[in-house]
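Which chain is which? The protein sequence lines are Z and C, in order. Using my numbering, you'd call the opening residue of the first sequence number 9 and step up by one each time. Using my numbering, you'd call the opening residue of the second sequence number 9 and step up by one each time.
Just so you know, these hints were derived from the structure itself, not from any lab. Incorrect hints may appear among the rest.
[To be verified] Partner residues aside, some chain Z positions facing chain C, computed with beta carbon under 7 Å:
1. Phe23
2. Cys64
3. Leu106
4. Leu107
5. Asp117
6. Phe346
Ideal placement from N, C-alpha and C gives every residue a C-beta, glycine not left out.
Number of protein chains: 2
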Amino acid sequence: MAEPFDPTTHSHRRFNPLTNEHVLVSPHRSKRPWLGQIEAPQPVDLPAYDPKCYLCPGNARASGEKNGQYQNTSVFVNDYAAVLPPPGPIAPAAPHPLLTTQPMQGACDVIIFHHRHDLTLPRLTLEELGKVIEEWIRVYKMRGAQDGIKYVQIFENKGSIMGCSNPHPHGQSWSLSEIPTIPATELQSLKRYANNPDVAPSDAPRGLNGRPCMLCEYANFEVQDQGRVVVQNEHWVALVPWWATWPFEILLLPHHRHIPSLVELTEDEKVSFASIISRITIRYDNLFSCSFAYSMGIHQRPIPLKDGDSGANADDDVAHLHLHFFPPLLRSASVRKFLVGFELMAEAQRDISPEQAAERLRACSEVHYMNSAAATQ
Amino acid sequence: MAEPFDPTTHSHRRFNPLTNEHVLVSPHRSKRPWLGQIEAPQPVDLPAYDPKCYLCPGNARASGEKNGQYQNTSVFVNDYAAVLPPPGPIAPAAPHPLLTTQPMQGACDVIIFHHRHDLTLPRLTLEELGKVIEEWIRVYKMRGAQDGIKYVQIFENKGSIMGCSNPHPHGQSWSLSEIPTIPATELQSLKRYANNPDVAPSDAPRGLNGRPCMLCEYANFEVQDQGRVVVQNEHWVALVPWWATWPFEILLLPHHRHIPSLVELTEDEKVSFASIISRITIRYDNLFSCSFAYSMGIHQRPIPLKDGDSGANADDDVAHLHLHFFPPLLRSASVRKFLVGFELMAEAQRDISPEQAAERLRACSEVHYMNSAAATQ
Ligand SMILES: [Zn+2]
Ligand SMILES: [Zn+2]
Numbered sequence: 009m010a011e012p013f014d015p016t017t018h019s020h021r022r023f024n025p026l027t028n029e030h031v032l033v034s035p036h037r038s039k040r041p042w043l044g045q046i047e048a049p050q051p052v053d054l055p056a057y058d059p060k061c062y063l064c065p066g067n068a069r070a071s072g073e074k075n076g077q078y079q080n081t082s083v084f085v086n087d088y089a090a091v092l093p094p095p096g097p098i099a100p101a102a103p104h105p106l107l108t109t110q111p112m113q114g115a116c117d118v119i120i121f122h123h124r125h126d127l128t129l130p131r132l133t134l135e136e137l138g139k140v141i142e143e144w145i146r147v148y149k150m151r152g153a154q155d156g157i158k159y160v161q162i163f164e165n166k167g168s169i170m171g172c173s174n175p176h177p178h179g180q181s182w183s184l185s186e187i188p189t190i191p192a193t194e195l196q197s198l199k200r201y202a203n204n205p206d207v208a209p210s211d212a213p214r215g216l217n218g219r220p221c222m223l224c225e226y227a228n229f230e231v232q233d234q235g236r237v238v239v240q241n242e243h244w245v246a247l248v249p250w251w252a253t254w255p256f257e258i259l260l261l262p263h264h265r266h267i268p269s270l271v272e273l274t275e276d277e278k279v280s281f282a283s284i285i286s287r288i289t290i291r292y293d294n295l296f297s298c299s300f301a302y303s304m305g306i307h308q309r310p311i312p313l314k315d316g317d318s319g320a321n322a323d324d325d326v327a328h329l330h331l332h333f334f335p336p337l338l339r340s341a342s343v344r345k346f347l348v349g350f351e352l353m354a355e356a357q358r359d360i361s362p363e364q365a366a367e368r369l370r371a372c373s374e375v376h377y378m379n380s381a382a383a384t385q
Numbered sequence: 009m010a011e012p013f014d015p016t017t018h019s020h021r022r023f024n025p026l027t028n029e030h031v032l033v034s035p036h037r038s039k040r041p042w043l044g045q046i047e048a049p050q051p052v053d054l055p056a057y058d059p060k061c062y063l064c065p066g067n068a069r070a071s072g073e074k075n076g077q078y079q080n081t082s083v084f085v086n087d088y089a090a091v092l093p094p095p096g097p098i099a100p101a102a103p104h105p106l107l108t109t110q111p112m113q114g115a116c117d118v119i120i121f122h123h124r125h126d127l128t129l130p131r132l133t134l135e136e137l138g139k140v141i142e143e144w145i146r147v148y149k150m151r152g153a154q155d156g157i158k159y160v161q162i163f164e165n166k167g168s169i170m171g172c173s174n175p176h177p178h179g180q181s182w183s184l185s186e187i188p189t190i191p192a193t194e195l196q197s198l199k200r201y202a203n204n205p206d207v208a209p210s211d212a213p214r215g216l217n218g219r220p221c222m223l224c225e226y227a228n229f230e231v232q233d234q235g236r237v238v239v240q241n242e243h244w245v246a247l248v249p250w251w252a253t254w255p256f257e258i259l260l261l262p263h264h265r266h267i268p269s270l271v272e273l274t275e276d277e278k279v280s281f282a283s284i285i286s287r288i289t290i291r292y293d294n295l296f297s298c299s300f301a302y303s304m305g306i307h308q309r310p311i312p313l314k315d316g317d318s319g320a321n322a323d324d325d326v327a328h329l330h331l332h333f334f335p336p337l338l339r340s341a342s343v344r345k346f347l348v349g350f351e352l353m354a355e356a357q358r359d360i361s362p363e364q365a366a367e368r369l370r371a372c373s374e375v376h377y378m379n380s381a382a383a384t385q
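Given only the sequences and the hints, what does the whole structure look like? Please build it.
Written out as structure tokens, the structure is:
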């Protein structure tokens, strides 16, 4: 006779309704020994100012241009931008119907989070984090208002194992003439949900025009269930999603009302946004007592609404603001997860379950290990 | 006035008709300086036999079981399998319609390519490579015939930067009770193409029942165009696909007739398969004079046809055998591409164009650098 299902023992797959992909979970395997690559430790004794850093105040960048003597945040155009401003070239004819090309224009910005070389988001004050949030909003509005820009992607790569070449705290913003694959897929899923007559009524907030919002519904369920919640406050919840691919992946989103983008945040919501970013990134650093590497990205309405937009594309206006944190570390500061082999050829796969990961993160302190009594003695 | 489009200068995106995803190409950016992580060099002086290797002949594995004194290839069940044999548990009820679970059963096998610890595919003789191919066919048939197995994924992770913990030449095979996300998506795309009445007639081979096969059509076009072809022989073509994500990605597939799986290969086709695998993996090693890391996977009919199958699921029987090689190295043995940030949050992105990558690989020798006159003097 078949056993009852135990999510901490039995291999199973979970469906990600945002991307329509599955992840294979093998929780019984999380104790296998590690024989593979060990990451080099990150430098810990960084100077507050590094004369060789191209992001520090006053220093010269690759273009020869000098950074200002900025305080807190600063934004400039990436010297090695992946896309360049319009006008673009004429779209070429396809050599075969299977081989298509779309020219892409846009802009790539670097967003410096703080003037100090040695800090990171978890080590900023809430006031300083508030300034980072304002900078994200400013860049999103500025780029999103430009002609031909259809999408703004704000993200942060943290740590050399994520390919980040400079520890100076910074993120990026890529603004593009087309909506990229992943947000386009997510928006498709949200739209399908908003228009699905079979969605059962619930006490979750509703999206625009009273339509169901999949992410409002999901956040509402998780706040009630608590099994995958890491931290929450009045407006926001940070959780390890049911379908998480990365060991300690976090989805951060508003749970109390439908919010399409950063632009719609109230002052209260910004304050609690800064607070929850601080709390989760401190827990991340404390998990393995290291500067915890990740890629973080903000998904929201592709660009801010323009005057007179309201109603025009209302059918497509289904975005609910959320942040993804994808961290590669698996079991220590030096043992990472690799997205290779089966995962590149077949399907995402994880060992520890999302519930186990959430439990580990809930057990972490919210006092940063570098500021703890033991560290400062 | 807009410029004419130049694929070596202008940012553009290309569509991948297998996965329905785009890749953003930024060819103007391929000369940016590298400031990031440098990979540790791989050990080069490996012994032919390593007493501590769990794959070498006669040695004990984690389970305590000892490997036989095998010659050439050997296959055993992975001691840390991601899925376990049936019977599985009862599928649980979903706690919410958005949180679904499917139990997964199956088997994970390790396929050793050669008894010598210090060899790799590019350093095997064609006869030895032929034995690896026979082992792939044997495992695919054996697992694919088992009850409840719906899919067999054969793959190889090579190199510590791909998370491969042991340099002993080996691959894996994961056999599963469901078809995973990526091959399911590819099969969907192939099926749509096979049933598309708008596909223009061409001189490419046709799929089963005379339907169009997207991969036969694509291979046929590339063999005529030559711009992305790395090497080809009578039966096979290895090319950097139009939509390649990894810098030196290769798609290897038969171009002269429609072949659903390894089982259908003739003796001649196996001989030329061994030859082209040797030629491309030697070129890979020669590109940066190192043991070139990659993930390789075989996509084919999910499991071999069973007796009496013919006709039953003919509509879904659209697979065309092909191999993907996804190598992370970008510009030297120590500088890799990272799939992070924008790529995790928005869309795959590459700097050098697929045509430039193919040209680089075409310029490589087919004599392995370790066997060249200079190396053996
Ligand atoms: Zn998202
Ligand atoms: Zn494929």
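Status of the hints after comparison with the structure:
1. Hint on Phe23(Z) holds. Least Cβ distance to chain C is approximately 5 Å, under the 7 Å limit.
2. Evaluation of the Cys64(Z) hint against chain C yields a violated restraint, the C-beta minimum of about 14 Å exceeding 7 Å.
3. Interface restraint check for Leu106(Z): the shortest CB-CB distance to chain C comes to about 5 Å, inside 7 Å, so the restraint holds.
4. A least Cβ separation of about 5 Å between Leu107(Z) and chain C falls short of the 7 Å threshold, and the interface hint therefore holds.
5. Among the interface hints, the one on Asp117(Z) is violated; its C-beta lies about 12 Å from the nearest C-beta in chain C, farther than the 7 Å criterion.
6. This hint holds: Phe346(Z) has a C-beta 3 Å from the nearest C-beta of chain C, less than the 7 Å allowed.
Consistency note: the structure conflicts with the earlier hints numbered 2 and 5.
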